[in-house]
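From just these sequences and the hints, can you work out the full model?
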Amino acid sequence: MRFFSKNQIWGLLLLATAVTWWLGESGQVGRGTVAPVLVIFALAAFKGLWVIADFMDLRHAPALWRRLLVGWLLVIISLILLAYWLGLG
Amino acid sequence: MTSAVEGVAEPRLAGDLAVWLIILAELLAFGILFLSYAFARLQDVALFNASQATLDLNYGGINTALLITASWCVVRAIQAVKRGASTSGAGWLVAALACGAGFIGIKLAEYADKWEAGVDLSTNTFYMFYFLLTGFHFFHVLAAMVFLAILTVQTLRGRYGPDDVNALETGGAFWHMVDLLWIVLFPLIYVMR
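These protein sequence lines map, in sequence, to chains A and B. Numbering-wise (our numbering), the first sequence opens with residue 1 and increments by one. Numbering-wise (our numbering), the second sequence opens with residue 1001 and increments by one.
Everything labelled a hint here was simulated from the structure, so no lab data went into it. Owing to the predicted nature of the structure, the values given are computational and were not obtained by experimental measurement. All C-beta atoms in this analysis are idealised placements derived from N, C-alpha and C, irrespective of residue type, glycine included. Take the hints with a grain of salt, since some may be wrong.
On the chain B side, residues computed to face chain A include the following (Cβ under 7 Å) [to be verified]:
| id | residue |
| --- | --- |
| 1 | LEU1027 |
| 2 | LEU1035 |
| 3 | ILE1068 |
| 4 | SER1071 |
| 5 | HIS1176 |
| 6 | ASP1179 |
Dropping the structure here:
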């Protein structure tokens, strides 16, 4: 994870949200292709990682806690993507 | 304890251990709900897509931005109190609460729209999940706001300072959890189709 300031992270979180909104608004998501959905959840993963590491400050916490929350985020998103992919068939 | 020089501190968990145990339990509960939604959707993808289309993506996006901004305000509040600026810290907490109030207002507007359209959680499976997930989350936003409001009053009274931000970090952690949950919920419920 690259090191950004708290203010920069806020900006990046908003930017990621705007991109996600745009992908939905423009109809990019919903054409039956996997790529846009991968993008919105990749953005969600980055957003989650920044909140966990730098807002919750788990970057400076014992590794166990960081791993638990990051693990939760990545497992949940992976399984959501699996379910989405299964639904495309 | 942190040393005077940033970056050489011992690893430490910010806030009370109790709130982190609560956070783990909440993440587990919501995680199960998120996955239930994702896999229940497979039973009737067309229904889920059609019902999702009745949601207001702008409301969802603005709400995401509000929670993110509130989290940032909480971070800024704790930074202020850590350098001895409690009044400034309280100001940042009020800003966080204002963002939270915005979220609540928009959520209520969304629910009112659905109510007027005759849609509720018995309408179909998508709406059951929509109301269950966002409703459960809504109550957590309210609880987090009550916590922040109490912390704001205490901060204004000068209760916290550079050597004691534990309560603020505890409330902050709970708030960030609420934000983190919505970060997954927004693409899942509002966008993914």
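*Would you settle whether the hint for ASP1179/B is holds or violated, based on the nearest Cβ-Cβ distance to chain A being less than 7 Å?*
holds (6 Å)
*Restraint check, 7 Å cut-off on beta carbons, for ILE1068/B near chain A*: holds (5 Å)
*Go through the hint on HIS1176/B and say holds or violated, using the shortest Cβ distance to chain A against 7 Å.*
holds (5 Å)
*Status of the LEU1027/B interface restraint (C-beta, 7 Å, chain A)*: holds (5 Å)
*Given SER1071/B was flagged as interface, is its beta-carbon under 7 Å from a beta-carbon of chain A?*
This hint holds: SER1071/B lies near chain A, its Cβ roughly 5 Å from the closest one there, short of 7 Å.
*Using Cβ atoms only, decide whether LEU1035/B comes closer than 7 Å to chain A, and label the hint accordingly.*
Result: holds, 5 Å to nearest chain A Cβ.
The structure agrees with every numbered hint stated previously.
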